[in-house]
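Generate coordinates for the entire structure from the input sequences, incorporating the hints supplied.
There are 2 protein chains.
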Amino acid sequence: MAKVKKQPRPKAQTPKGFRDYFGAEVVQRTEMLSKIAGVYHHYGFEALESSAVETVEALGKFLPDVDRPNEGVFAWEEDNDWLALRYDLTAPLARVYAQFRNDLPTPYRRYAMGPVWRNEKTGPGRFRQFYQCDADTVGAPTVAADAEICAMLSDTLEVVGIPRGDYKISVNNRKVLNGVMEVAGVLDPSDPDKFASERGIVLRAIDKLDRLGTDGVRALLGEGRKDDSGDFTKGAGLSVEQAEIVMGFMDARRDTGAATVARLMELVTGSQTGTDGVNELETIATLLDAQGYGPDRIVIDPAVVRGLGYYTGPVYEAELTFEVQDEKGRPRNFGSVSGGGRYDNLVKRFTGQEVPATGVSIGVDRLLAALHAKGRLTKETTGPVIVTVMDRDRMADYQAIVAELRNAGIRSEVYLGNPKNFGNQLKYADKRNSPVAVIQGSDEADRSVVQIKDLILGAKIAESASPDEWKDRPQQFEVARSDMVAKIREILDGQDG
Amino acid sequence: MAKVKKQPRPKAQTPKGFRDYFGAEVVQRTEMLSKIAGVYHHYGFEALESSAVETVEALGKFLPDVDRPNEGVFAWEEDNDWLALRYDLTAPLARVYAQFRNDLPTPYRRYAMGPVWRNEKTGPGRFRQFYQCDADTVGAPTVAADAEICAMLSDTLEVVGIPRGDYKISVNNRKVLNGVMEVAGVLDPSDPDKFASERGIVLRAIDKLDRLGTDGVRALLGEGRKDDSGDFTKGAGLSVEQAEIVMGFMDARRDTGAATVARLMELVTGSQTGTDGVNELETIATLLDAQGYGPDRIVIDPAVVRGLGYYTGPVYEAELTFEVQDEKGRPRNFGSVSGGGRYDNLVKRFTGQEVPATGVSIGVDRLLAALHAKGRLTKETTGPVIVTVMDRDRMADYQAIVAELRNAGIRSEVYLGNPKNFGNQLKYADKRNSPVAVIQGSDEADRSVVQIKDLILGAKIAESASPDEWKDRPQQFEVARSDMVAKIREILDGQDG
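If you read the protein sequences in the order shown, they are chains A and B.
Per full-length UniProt numbering, residue 1 is the first one in the first sequence, and the count goes up by one each step.
Per full-length UniProt numbering, residue 1 is the first one in the second sequence, and the count goes up by one each step.
Worth double-checking, as some hints may not be accurate.
Quick list of in silico lysine-lysine cross-link-like pairs, DSS-like style, CA-CA up to 30 Å [unchecked claim]:
| hint | chain 1 | residue 1 | chain 2 | residue 2 |
| --- | --- | --- | --- | --- |
| 1 | B | 11 | A | 35 |
| 2 | A | 431 | B | 16 |
| 3 | B | 16 | A | 348 |
| 4 | B | 11 | A | 348 |
In short, the hints are calculated from the structure, not lab data.
This is how it looks when you write it as structure tokens:
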């Protein structure tokens, strides 16, 4: 047999735009997903885990953010079919509901959590694989379903550790914007396709309010806008008067929900769609009030414009209102962690029938980043108790020790590297952030004792300016083997406190 | 603007070989993963969640089962690089360890759980996406690491609900087989490449012991084998004497571990590698014994031959020993749910340095199927309490009722479909497997009462031959609104009992 030709070594590298998660990062996300699932379940939602792979045909092109140059999916051809990784959890829901609608209850409340993949330009904090955590109600036409999702979102944020006052959930309505566009003369209910291009530019413009400010948006509503690099973006061509009506919409929030509703009613005077939309907002506010969710948690705010191009009715967004420092050290609000709304056309693609649906998506990685920014999560976690190996031939004894600790509920392990250099064992324990090391040489074994080393105390003494204050607490001491478990538990309890 | 051309409707279909998981299926798997993670963590392992996507270069071709015609990955070209979905969790571990080895502790104990994808022929119960749940120790040369994984596997099976006696963990060693091949004359330690082709056939042959029986394997060790369809598979060309030595290896298990070890020692007489392998098996048995894991849980069994071509030292496998019925109604052992072993060459691909590693993979979906087969998991779970809607205009009242229930910790929801037909609301509650419905018309609202309907009792009465026996327990009754929560809790507690 011919010798196999040597291959060059492969590069050990996470693919560009992807990343790996270690230890506490994984555990904290798992715990957060579990808490969110708990709230969703409590509200009557059922779990769904759809396949990560969909046919490209079923996925369609429904990314919520319309303004991406490189929007796209990871796709490949297989058995004469194009398959792709899901880019969100909503498109798969539409497919699943259309496929299984005769077996599923209606309304169908479902939650889903898992990674999604986007084939996009990457950047700092922007990855091609990230977690979403969604809840949607399919088949419920009433805005009570939207109100319920907002209440649930509020509960969820508090359950994962964002206290009331540190977040704001804003509710808006696409129908109100449509009414405003009618009044502004860029939407004709009798000819829905007319001005479609202008409306597209209006939608994209107001989606950029955060980034461009009112002047930038106003320019895009009119003739157009030249950005800092000199590139010109063509505007919607609205007159100054038309543009003012649209700008007035985004600026319609007043001190109370009732005042905001009244202002919006003025703006949409003469438009049935607009009036419907304002009434829906009012109903949502009433229903939330009945459940005890006041404006300290959820407000009507027409400045919430993200994704209005995607949704067909109520739209909602949760942002965290506390300040963090951006990469240049400037304070800024943490910003959006969740968004959602009503979309009544997704299932129709498959079945031809309009199925009302509303839902929310929580950006779990953003929420975790927020908790880290507030110091409510730490990167370090306590490692296991380490049973060191003094005598390679007595491995069975060390295994018996660790079995005793584990049976007593204490997380622990035997050092399994090369035991020759004892210092390496302690360095390993340090790297693992271990609380305690257990040491037993043959002398200790003969006398049925073990040495216990309190590594947290040891680290404190090493750091301390006056080691004297620790002199009554020895960092290493001998105990009878029979007292080992009790003594170690005592140390662990003390370290927690 | 030109009208958009109508697209044909997409098919709502899970891609071929994939599936969706609903409700209890998702929750039960999540709970099982959480229990397994708990045991792994307790043993000192740290979580790792690597990217689902890898470069094809990093993945290599290391599928454990060598005998698949359609083995393969889902891959696509991106930015002049070939990317692929991971097909297991071991290849990514090798990449991660090679990439981050300077930051990770050594030994590196890590666990990982998540979906993997295989581009293979599908069949009943055989999907292209499934869950794995792995634990590996990288950088520990001692077989104490292998023994630890076997002990942990035993604990894990018991924690997820497989009682002792219903499973068997078998340990074997590739080195012993290598020793046997030396003695049989198809392995020459001074020229490792010689007879490589014959050894490949031997490995594939003994991997098929389960399926072909001893006669089939014997044929493949010799001239070859004609299968039922008439296809001829070329054999390894061993003489009858040589084949007998290999067959003796698979048949070496004796009543006690010591007797098995003694028999294996005989078989490998004259081979250093074989002797090393038998000594390793003996050490593993001793270490397990020291931790209290006897042959009622873990046995040395040379008939465990799966994946011996892949591993380089100890190999282990967990099978469930209870009987289930196969698709034709015949009783058979449930079979393998987990396997693993030592592989000392995976990281070397990247770094050129040999890094010892050993680990186990649990087939979570198989384990869940086992628990269902034993009746330890059910497909049905209790749904939420349903607050029905008698009067569409009083939605705020129903929302207040459900808020009160939720705040009291009771899973509940308001019916959000079209409330016109009350029968549909009860059908919905039935489909959700709801325990209780709450009913409040305007009359009840005026009197500050609600009707409570015990749906489980209702179903029992409907099924019962003698409805009389239920006459003292009304299935629907009126309570003061202020007593609603207490009364519903009472019913739910009674249903649980």
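Hints and how they fare:
1. B:11 x A:35: 35 Å, violated
2. A:431 x B:16: With a Cα-Cα distance of about 46 Å, the restraint between residue 431 of chain A and residue 16 of chain B is violated, given a limit of 30 Å.
3. B:16 x A:348: Holds, because 23 Å separates the two Cα atoms, which is no more than 30 Å.
4. B:11 x A:348: Holds, at about 12 Å.
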